[in-house]
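Enquirer: So you can see what is in the structure, the chains are spelled out below.
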Amino acid sequence: MQHGKYRFIVGFLALPLIVYAIFVISPFVQAFQISMTNWSGLVGTAEFVGLENFQRLWESSDFWNALRHNVYMLALVPVVTLGLGLFFAFMLNVGGKRRKNEVIAGVGGSKMYKFVFFFPQVISVTIIAVIWFNIYNPDPDDGMLNSFLGFIGLDGLQNSWLGEKSLALWCISAVMVWGHVGFYVVLFSAAMASIPRDIYEAALLDGASRFHTFFRITLPLLWDTVQTGWVYMGIIALDAFALVQIMSVNMGGPDGATDVMPLRLYLTAFRDSQFGYASAMGVAMLIVTMTFAVLTMRFARRERIEY
Amino acid sequence: MTTEEIEAVAKQDGPATPDRTPEPAKRKSSEGGVLNVFSHGILIVWGLMVGVPLLWVAWSAFKDSNGILTDPWGLPTVLHWENWSNAWEDANMGQYFVNTAIIVGGSVIGTMVLGSMAAYVLARFEFPGNRFIYYLFVAGMSFPVFMLVIPLFFVMRDFPGSSLLATYHGLILVYIAYSLPFTVFFMTAFFRTLPATVAEAALIDGASHSRTFFQVMLPMAKPGLISIGIFNFLGQWNQYLLPMVLNQQEDKYVLTQGLAMIALQQGYENDWGALMAGMMIAMLPVLVVYAIFQRQVQSGLTAGALK
Chain L
1 MQHGKYRFIV GFLALPLIVY AIFVISPFVQ AFQISMTNWS GLVGTAEFVG
51 LENFQRLWES SDFWNALRHN VYMLALVPVV TLGLGLFFAF MLNVGGKRRK
101 NEVIAGVGGS KMYKFVFFFP QVISVTIIAV IWFNIYNPDP DDGMLNSFLG
151 FIGLDGLQNS WLGEKSLALW CISAVMVWGH VGFYVVLFSA AMASIPRDIY
201 EAALLDGASR FHTFFRITLP LLWDTVQTGW VYMGIIALDA FALVQIMSVN
251 MGGPDGATDV MPLRLYLTAF RDSQFGYASA MGVAMLIVTM TFAVLTMRFA
301 RRERIEY
Chain Y
1 MTTEEIEAVA KQDGPATPDR TPEPAKRKSS EGGVLNVFSH GILIVWGLMV
51 GVPLLWVAWS AFKDSNGILT DPWGLPTVLH WENWSNAWED ANMGQYFVNT
101 AIIVGGSVIG TMVLGSMAAY VLARFEFPGN RFIYYLFVAG MSFPVFMLVI
151 PLFFVMRDFP GSSLLATYHG LILVYIAYSL PFTVFFMTAF FRTLPATVAE
201 AALIDGASHS RTFFQVMLPM AKPGLISIGI FNFLGQWNQY LLPMVLNQQE
251 DKYVLTQGLA MIALQQGYEN DWGALMAGMM IAMLPVLVVY AIFQRQVQSG
301 LTAGALK
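Respectively, the protein sequence lines represent chains L and Y.
The numbering of the first sequence is our numbering, which starts it at 1 and goes up by one.
The numbering of the second sequence is our numbering, which starts it at 1 and goes up by one.
What the hints contain is simulated information worked out from the structure, not anything from laboratory work.
Take the hints with a grain of salt, since some may be wrong.
What the hints assert, rightly or not - Restraint-style ranges between C-beta atoms, simulated for each label pair:
#1 Y:A189 - L:I287: 25 to 33 Å
#2 L:D272 - Y:V288: 37 to 45 Å
#3 L:R68 - Y:I109: 42 to 50 Å
Unchecked claim - Partial chain Y-side listing against chain L, Cβ under 8 Å, derived:
#4 L54
#5 N66
#6 M117
#7 V121
#8 Y134
#9 V138
#10 V155
#11 I176
#12 L180
#13 G206
#14 Q249
#15 A260
#16 V286
#17 Q298
To be verified - According to the in silico footprint, chain Y covers these stretches of chain L (three or more CB under 8 Å from chain Y):
#18 19-25
#19 70-83
Ideal Cβ positions, reconstructed from N, Cα and C, are used throughout, including at glycine.
Just chain Y, same shape as in the assembly (with noise of 0.2 Å):
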């Protein structure tokens, strides 16, 4: 089997428990029991060590400081729902939850937009120099953007006209220009795998290239789109280098840079309640997310890995 097909099929969502084709049975099955329960028994270990941790902040976010601190393990004897309206608040997680939804929202649209647009071109136009960009986007993919931060810094600080640091849109464009890449070379995968003749039909018919694009192809791409969103908006959402580097006013902070701050100053201002609730505040939307879209979700991260 070939890298390519490998990495087809492990890009698919297709189910991962074996073909159910009926066949006779061959043999006895005496050896599956005994590997059964210890494969449970491992399974479960490890699903323990992974969802108490969890769940450990989702039970904190209702204890006081102080019972969070003396008896870790404890479930919470009252319910403490002003944690909730502290991180909200004095904590100013409100804020920054605003301040990451604005930066995310106006990001996930606009590489959507951007990147359909760029992938339809070079998927489906043949001129010079379309092979060059796209591996001038593609190539994105593999600068460590640690090496990035320092220019882009002053890329953002000298901007013509005024500085894009801790500003909106500044952060929108970057995360934008750094989602393109995968972007770009994810659409441009599915704007090929999309049947030809009915762009062909709408031009015949007398539709402009811009209107084929928007009322025929992004509706048909529907599926890509939505896993290429989906991939963005956790990519974005849990940013932590870039706001670091370009966004240090604290008014603008996003919920990642808040929580670190709030975690850091923890052993001055010990309100550990308040630090829980506000992990809870920056999960809850990616929590939604990966439940109602689980599927996707798994499938479109491993691929966007798989680059």
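This is chain L alone, in the form it adopts within the complex (with noise of 0.2 Å):
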């Protein structure tokens, strides 16, 4: 019986295993090695450089302008998601009319709400941008967002967007805030429902109103959840590489106005082939993420709010 019991686990697990170490731990291991060689071509050997690579990244006046937009989306775009799905679940979840026999409700046809707001989580990134790209179209007449300005009697308001240095990232941004809101939505609507209902009667009995129930119950109740869902937020906005891809102009301009990280290694890699230089950049991507990641979950915790 023992006998059976290992051949079984080593034939369950030989298959997957060996396509994980292969596609998955060697490729982790491998980009360390790269990164400290001056590969550069497809041909050719690689020698080792120590941290050359590195130093050149820190050099970098490009690598920096596009970790400073990185930075930037991470600053705005989960603050502006997470701010909006806690709305918006609050609302769907105690902003109804109160109903008789109960002391807080959500609105009517929340399911419906949910099924339309999760919706862009569902498609690809890349038809999110192709239509973004379109609504952002500059022209007066054709443009989506321009027209509809031109419409509403705000033609002051029209611009080139993604064509427009200063607005660009922004543009691209608020695609992100745009497809990632519903989720929160969801999420934070599950948690709500996990509320019990008393606190909230409790509360109300004692006088509160519903901007207290949220600041006092429902946010130090959600913190977790929304902590969690700050650093899943905080890694897209390290990422945006499809949006900026297909979305700006010239691939990360106009005039590198809206450059990423994630841009600037791919293009290193399999535009320029620079294969040691982009490995260097990977790790250094690794480095801002982890870091991002830990600090996050240490700078949350501390202010986590007993009750």
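Put the two chains together into one complex, using the hints given.
Expert: Next comes the structure, spelled out in structure tokens:
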């Protein structure tokens, strides 16, 4: 029996482990190795150059430019996305008309709202990028956003959006928010549904307003979910590859205004064939991501409200 | 409430609407009325912001290029069905659809088989190295794919025998490998929740370990398999970065690549109607899955983020 058990264990684990080791673990290890070589082509050999790539990266204004854009997004996108997500989820769960026998209630049709809101989460980011590329079409008559602004009499706000250096990055960030709010509505709704009703009841009996119940009850009780969601959204903000690659003028333009780290890595490797240098970017991205995740977890935990 | 508890709740399929425990009405309910109108107003505005761009794709798929460009908001006056055949044949979306279906079909099945085999062994058998292998799989969830693509490209190119770049089986293996971390994590947790007695009874009745797995445990794990299957289907159908790097041969393109290419070329080719129809072709399978499995999709994807 024992013999049969071990044969079974090995038999069942071998294939998944081999596939995983070849395509995930070994690239992970190799990424560090390649980052310390000057591998620059599809043929030829790679020489060990130590930390030279990292030094070059440190001095590269292009990479700092891209990193800065990711950091802007990191500061803005999660706040707005999670804020809107919490706001809508609270409305769906607590913002409804009080019916008989209920202390608080969600609005009617909350399932329908969630169905629609969540939709961008299931479709490909390529499709989202193409749609918004058209919405931002700079032509005052042909562009959806511009013609809408013209229609409601706000011609003054018409803009070239993705073509405008000061706006392009924010236009792309807005798409990121648009695509993920529904996800957080669903996530926070599920968490809110688990909060015992009698806590709200007690607060409302004591005369608390809905504003107070949100900040004193809902938010503190959801804090752990918010924190995890924050890390997840932050990692998305540190990516932005597909949106920038498809939507931006000249891949990262105009004039580098929307360049992001993953795009830099992709172009350095697969356009310029500087694989060693690009791998160093990958390692740098890993460090940035890990730092962000660790800091968020520590910082958020300290602020956690006990009840 | 602990993180685990909230996550456990957030992962449930449970209704987001409050419990309807009947209790006597205690106070007047004037506050809800105004708030309800306000809530619906804001929720509808966001619903339109999400829904209209998506509907726009649907109705634009029936307009000619001229109509899409000069009157972006207008409904089609004549239904241009030829957009669909243009997209399917001339723009090769048919080929890309077939490629995507083969790759995703193979990799979803492969992921579920390999993932649940590994998860079953890790969840239900004790052996030296069990924890190590489990954490090795789970660690993969935190590797940024961007860091891995450069070495992965060379692993695929230099694969013993023949290059795996731009091949169906190569992409299937990669998709499986990158889906294993979450699948193993999810299914291990799922197998732990199943009663051990059933498997023991089967073994005592003389079934082998493999037979017990395939004929007893897998059928019991069906709800978990459905969730993880949908999760992997959506993720793999919409995958963009991996095919961009590993599948640079046009006749092997998947839908997301094809769409990005057509979108980026539009300036020259100008068949916007075909692009819109192509987007619908790429979106329809996802739309169908989402419409049917709405609840599982929402709970599965939110559980996926809280890994």
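Enquirer: I'd like to know which numbered hints this structure contradicts. Please list them from smallest to largest.
Expert: Of the numbered hints given earlier, those the structure breaks are 5, 8, 9, 13, 14, 19, listed in rising order.
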